[in-house]
Amino acid sequence: MATRDYVKRGKAPRKKNTRRQPPKARARFPLKWALLAVCLVGAFGYGLYLLSNTDAPAPKPATDAQPQPSTQSKKAHLPKKPEEKWSYIEELESKEVEVKAKALPQSTRPYLMQCGAYRSQEQANERKAIIAFQGLESQIKISQGEKGTWYRVVLGPYPRKRQAERDRNMLRRAGVEPCAIWYWE
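Residue numbers (the UniProt record's numbering): 1 to 185.
In case anyone wonders, no lab produced these hints; they're calculated from the structure.
Any given hint could be a false lead.
[What the hints assert, rightly or not] Derived pair list, reagent style DSBU-like, types lysine-lysine, alpha-carbon separation capped at 35 Å:
hint, residue 1, residue 2
1, Lys80, Lys100
2, Lys85, Lys100
3, Lys32, Lys16
4, Lys141, Lys161
5, Lys161, Lys102
6, Lys95, Lys81
7, Lys161, Lys100
8, Lys11, Lys24
9, Lys161, Lys147
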């Protein structure tokens with residue numbers, strides 16, 4: 001038998017669809033929904049018609065008779081103020097609450113707050129001026145380190161850390177950051 005060359009042969013022609021497609025059924029008019037819509041619109045219209053035709057209740061005729069002014073004073077008609085039957089109202093008015101505050105432990109060492117360390121004294125003086133505008137007094141301490149001279153802006157000494165934190169929060173609100181708190185050396 002001879003060999004066949006399937007590559008040269010090409011693609012087989014496409015077969016035509018011999019099956020007929022049924023014609024598409026035309027969508028029918030939704031009779032149920034149309035009747036429902038007509039009924040609802042009619043009921044709404046009838047309700048509006050009933051509301052517009054109902055008569056408003058006639059107002060009662062006003063009497064022209066003027067009320068007689070009373071000869072007695074109005075204070076005589078008021079009843080006496082009743083007595084309070086609860087005693088807690090008086091107790092609350094006179095009660096004083098005693099709060100015993102815990103004694104804060106006294107710090108043995110004072111605290112200091114450093115708000116910057118600069119290489120030049122001009123920068124340190126600028127920071128000191130900004131702190132002075134907030135009503136706090138700061139000092140510039142000169143430190144000799146391995147890398148040269150540092151000008152530190154410090155506040156304090158503070159006897160309690162809470163006082164240093166109060167001043168740090170005030171400076172933080174003014175935009176002076178960062179400030180560190182540690183023991184005075």
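Now the hints, each set against the structure:
no., hint, result
1, Lys80 - Lys100, "44 Å, violated"
2, Lys85 - Lys100, "34 Å, holds"
3, Lys32 - Lys16, "43 Å, violated"
4, Lys141 - Lys161, "21 Å, holds"
5, Lys161 - Lys102, "16 Å, holds"
6, Lys95 - Lys81, "25 Å, holds"
7, Lys161 - Lys100, "22 Å, holds"
8, Lys11 - Lys24, "34 Å, holds"
9, Lys161 - Lys147, "31 Å, holds"
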